[in-house]
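Novice: Listed below, chain by chain, are the residues.
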Amino acid sequence: MRRFVLMRIGHALLVLVCVATVVFFLDRVTGNPVQVLLPPDATVADAQQLSQSLGLNKPLIVQYLHYMVGLAHLDLGQSLYYRSDVVTLIAQRLPATAELAAGALVFALALAVPAGVIAAVKRGSVTDTMLMALVLLGQCTPAFYIGIILIWVFSVIFPVLPSSGIGGFSHLILPAVTLGSYSLAVIARILRTQLIEVFGEDYIRTARAKGLSSMRVIVGHALRNASLPVVTVVGLEIGSLLGGAILTETVFAWPGLGQLTVQAIDNRDFPLVQGIVLLFVTTFLVVNLLVDLIYGVIDPRVRLS
Amino acid sequence: MVTARMPVLGRRGARRTAGRRRLLARIIVVFLGALVVVAVFAPWIAPYPPDAQNLALSFQPPGASGHLLGTDQLGEDVLSQMIYGTRLTLIVGVAATALAGILGLVAGLIAGYFGGIRDQLLMRLADMQLAFPSILLAMVLVAVIGPSVLFLVLVLGITGWVPYARVVRAEVLTLRQKEFVTAARGIGVSDATIIRRHMLPNVMAPLATIATLQVASMIIIAASLSYLGLGVPPNDPSWGAMIQQGQLYLRTAYWVGVFPGLALVLTTLAINLAGDMLRDIADPKAYLR
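Chains as they are written, first to last, in the numbering used here: chain A, 236 to 540; chain B, 792 to 1080.
Simulated from the structure, these hints should not be mistaken for laboratory data. Where is the CB? At the ideal position from N, CA and C, for every residue including glycine. Among these hints, one or two may not hold up.
Short, incomplete list of chain B residues facing chain A, as computed with Cβ under 10 Å [stated by the list, open to error]:
1) A825
2) F905
3) G907
4) V933
5) E962
6) Q1035
7) R1042
Taking beta-carbon pairs under 8 Å as the criterion, some of the chain B residues facing chain A (in silico) [what the hints assert, rightly or not]:
8) A917
9) L921
10) A922
11) F923
12) A1007
13) Y1018
14) I1034
15) Q1036
16) Q1038
17) L1039
18) Y1045
19) T1059
20) A1065
21) G1066
22) D1071
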């Protein structure tokens, strides 16, 4: 087990280093940030001076090594635009995005589990068909459009919820629903398929035969066995959740990492873009490592092999 | 042990379900066909040129002054812009998917058939690609060159190869063990011919299913990028950019953004349903579930 975990961590680090390298070089071809930062009437001398003070006039390979050494010390460098530490900037925005993502996940799970169970238990029925149609609709509608429709209905037609910004619980509802609907659809769908498969197993028949209530059969026996693939999918969906956060935050002017990302790309703020990308990739890798470890908890058979 | 269980349906029930599925399939085919026709013949179908401005008639509600779906802030006809937007939507969706499919097919064949270090490298590359949120990668890459349809297709195509490569690789790994492949190799058939005659036809069915579903996600990513103001040149009518404009005028003129979004949802919905049906045909067991 320990060897497995160490190997996975090593693998994740390798992926991280590769991504860091790719992002570094990609950023360097997106154009010269100096032109964006300077006022339009700046002279060539001004540009040279700024470029020197930012370290952009050094050879690419020197910049790269400097960056990688910093990375090893968890130093992501200075933002070119905000002139402050990338780590600080990200830390300022992280809580907002975490709040949004947590809200979205809670919303998705709270609805996806009952929807998946009901659809699986009543498969082939009108309820199942309706639920799955709704789920498909959720899967096919881009996050930003869901957000706009929600704003239209709940802020314009019936002005009950705020349409932008961060604040109390009422501000969280629409963005969380927007970001969560795709995950909701994916989880409900896979849960239904898995449950239907598990319902055919011998141990479910045994559990029913020994007189357990349907509730106990579903919660105690079926759900646990069906949850393995669901957990895998949730892990892989973290990537699209982070991507969706960029759009959701733009729609709702939510002051999190997503908005910071869009601004950083607009401003050609290399170090900031690199920092955010690395954070996203690290999150994805950590979550998927956790998923692998959770396997052993959910299904002890995995631990043995 | 997994036992397949038939859905509990009477004979009449089964026939009714099958009839409904056929009807749905017809509707989808007609819808997607109509979409292609609209895209190809946009100049003849659109009631107005997409960029015909008339400031005197800005924000006309649907149905007013000969504008079926109303006009936007510049008095441009929303329906006509949507019709022209179909072109971009379909071109980007199909072309990016084709590119991704070809790249993934080649990568999957190499990884699965030849194995070894090539397999290791390609699969590690796939892991890396998966860890990268695709929309973020597209955002960074599109910022490199600026708005261009060709570049958008390239970016989406290059970043979308992983699912094909994984499926093709898995399929090829099992095919390699089959007797007909061993026999072909035994009588001295070259690798190229084995791949062409024995591998390719067998990986096409799963490939087609993934491709259909991917067209929908490519369309969504492209629209999301246009919504963020990245991707396509601002003057090309695109659904994503229309929705972005529409959000600004949601309070006074909902039609500017709501209708293009509806078109987007219907399109991805139809494509997804078509993909599900393809999978049912390719894997009849999935249909029973």
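Novice: Check each numbered hint from earlier against the structure, then list the numbers of those it violates in ascending order.
Specialist: 1, 2, 3, 5, 8, 15, 17, 20, 21, 22
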